[in-house]
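Please model the complete structure; the sequences and the hints are all you need to start from.
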Amino acid sequence: MNADELIELYTEGQRSLTGADLAGANLIGANLKGINLNGANLSGASLARSDLSRAMLEGANLTGAFIYAANLNYVKLKGANLQKADLTKANLKGANMARVDLSGAKLTGAILTWVSLYGACLQGVNLCGAYLSGINLRAADLRGANLSWTNLSGSRLSGALLRGAQLKGAVTSS
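Note that the numbering used here numbers the sequence shown so that position 89 is 84, with each residue one more than the last.
No lab work stands behind these hints: they were computed from the structure. It cannot be assumed that every hint is accurate.
What the hints assert, rightly or not - Simulated crosslink set (DSS-like; lysine-lysine; CA at most 25 angstroms straight-line):
no.	residue 1	residue 2
1	Lys163	Lys88
2	Lys88	Lys28
3	Lys79	Lys28
4	Lys73	Lys28
5	Lys79	Lys163
6	Lys73	Lys88
See the structure below:
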């Protein structure tokens, strides 16, 4: 399926596209609120400035490597379900991910600068080596999360639950 087909189906009212293969798709600025892309392949896709608020992306593949990283700059994912999603090396700079459920997700090496994860569920998330500078983690649930070797400089952590979180080698000040 390509980006045009996805947008056409969404416009026609179809919201459940589980398992869709959208690898490398250009969905920049797309309005896909409430879409169900559970288990979808979005590796290397461009979703910058898209609105995926309340979307279901459980188990979705949003990975990327180096220049082919999934581009999610300034994406809106407020209230979305990303449980067990793979966002390895994804670029989420400036994303609004308030109250998102990322429990069990992989964000190894991801770029999350200036991201809002206010009140998000990040239980058991693997953020090893992620760049989290300036991130808002206020009231976030990070119990059991792996924050080893992350850059947390300038991050807001007031009210965050960190019990059992791994912080080996994490940078916490600028």
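Evaluation of the provided hints:
{"no.": "1", "hint": "Lys163 <-> Lys88", "in the structure": "holds, 24 angstroms"}
{"no.": "2", "hint": "Lys88 <-> Lys28", "in the structure": "holds, 20 angstroms"}
{"no.": "3", "hint": "Lys79 <-> Lys28", "in the structure": "holds, 20 angstroms"}
{"no.": "4", "hint": "Lys73 <-> Lys28", "in the structure": "holds, 10 angstroms"}
{"no.": "5", "hint": "Lys79 <-> Lys163", "in the structure": "holds, 23 angstroms"}
{"no.": "6", "hint": "Lys73 <-> Lys88", "in the structure": "holds, 14 angstroms"}
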